[in-house]
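Taken in sequence, the protein lines are chains F and W. For the record, in the first sequence the residue sitting at position 135 is 157 according to the working numbering, with numbers rising by one throughout. For the record, in the second sequence the residue sitting at position 23 is 30 according to the working numbering, with numbers rising by one throughout.
Simulated from the structure, these hints should not be mistaken for lab results. We put the beta carbon where it would ideally sit given N, CA and C, even for glycine. Check each hint, because a few of them may be wrong.
[Said to hold, decoys possible] Just some of the chain F residues that point at chain W, by a computed CB distance under 8 Å: (1) A128; (2) L225; (3) L240.
[As the list claims (entries may be wrong)] Computed footprint of chain W on chain F; a stretch qualifies when at least three of its residues, placed anywhere within it, have a C-beta under 8 Å from a C-beta of chain W: (4) 135–141; (5) 215–222; (6) 242–255; (7) 260–268.
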Amino acid sequence: MKKFSLFILGLWLIAVLLGRLLQLNPTQIDLNAILSNPNAQFWLGADDLGRSILARLLRGVEVSFLVAITVTSITMAVGVLIGLIAGFYGGKVDQLLMQITDIFLAFPGILLAIAFAAVLGAGLGNLIMALCLTGWVSYARLTRGQTLSLRNRQHVQAAESLGASVPRLILRHILPLLASILVVEATYSLASVMIAEASLSFLGLGIQAPNASWGAMLRDAVRYMLVAPHYVLIVGTSLMSLILAINLGGDYLRDALDVRTNE
Amino acid sequence: MVVFGVLLLTFLLIHLVPGDPVEVMLGESVTQADRTQLRADLGLDQPLIQQFGTYLGKLAQGDFGQSIHTKTPIIELIKTRYPATLKLAFLSLLIGLSIGIPLGIYAALKAGKWQDLVVTIVSVRLSAMPAFWLGPMFMLIFAVWLGWLPVSGMESKDSIVLPAMTLGFALSAILTRMTRTSLLEVLNDDYIRTARAKGLTEPSVILRHALRAALLPIITIVGLQMGSLLAGTVITETIFSWDGIGRLLVESIEKRDYPVTQACVLVVALSYVLVNLLTDILYKIADPRVRFAS
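So that you can see chain F by itself, here it is in the shape it has in the complex (with noise of 0.2 Å):
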């Protein structure tokens, strides 16, 4: 499992960089080659505009990646901060928080992200703003249900006692202990952002033309289905494969850091 996530992995990350090498123009039209089947000049065949569906997947992938390191990362960072602030002080502090997360929580799956998204514009700032709005509820709820028990483990009192304090005992006696858990978190995240980005560019609420995305392609290959059906099972494939291996890496992860999550 591992060695096929990496594999994949790997595989996505050569193409890139070859692609990068090769100069390939994913924003360059040959009006002769308008949907074309995968051929020696076109490999994976030519999209609506005839451009080139390989060169554009290949920038696809670097912005879905770059949307999701940077997203994963705020999020991430707020989340945790929100979490920790919850789970160490408890009480007042941490009912307001925990309502404030309950009232995210109550917006099921992407609607709010495609609500922020709706409001904010399209484009690649406004779509990273609306993922990161919505992003740090579940790193806040589960760095706070974390704190809370680590908050009563005897090496976090005995250091209070002696006096340590309260950066001191959340960084080094707290968050060190959450690592694992957060990097597992953080490698799921990678996939579900990069779905939702795909999800809200397919709604063309994400990254617009003529930049590449994965999502905004497949809208495109699903309108032209009935005459170039190699570009939506391209397209399909491709994130297929690439959500997969992420996925894997993440369950290799988990079972390697041995983390227990109650979901």
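Take the given structure of chain F and dock chain W to it, following the hints.
Relative to the frame of chain F, chain W by itself:
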């Protein structure tokens, strides 16, 4: 409290629009008078607190305001679109349950054998696949290649099959896993051994004794999953041109018809809150321990 928060957040949405929402909605080609008119219609010229008060007051009377583009009251739009979504969600749930539970039972009975492995791997991976992947794949296979079902739209009776399958499959994958796990947990209990020792037939042991106890976590999962089901309708309805509330949402975003967007988000979110509430109640009815504890 949560409902209040949902209302507040949805209300604030329109204020997140960068710049002046009225400008964004109307574009450049209108007169100053039109702008002032819309601003007054939406109450955007009043203090924020007062706006929120008015918003709540109107909602209480079932008044969502009107669409900026068509001028139709939004409540009418929702009345025509919401049933389509409910129909889709209900059928998906049915598909999810009728595939997921039997498959989960099968996997639990074959636990550790290759059948179990296949079912588990397929369902785990399937559940990670987004609707906008599964939908086009189904469309390609069943509508384009095999030609069994209509590609999209709502004209024929069969139109609902593909979108419902898309949503139902994802749900069934999760249900399969859940059923397997929770059935395996109870299968080792003493009362199951007793039932077998009494000489009951295997189907009777599984269906009447084990499954009843195993159903509890499944209820919770179904409730939680209704959320992603509702959100999934946004994408699935867009793929299959199904005129439900999800598509209304997407259309309103494309037209920058923010009052409609706001209303759709609110309706979907409130449905989710309601489903969760029902799940809790159902859970209490199904589990005597929860009933007596509270």
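| Hint numbers contradicted by this structure | none
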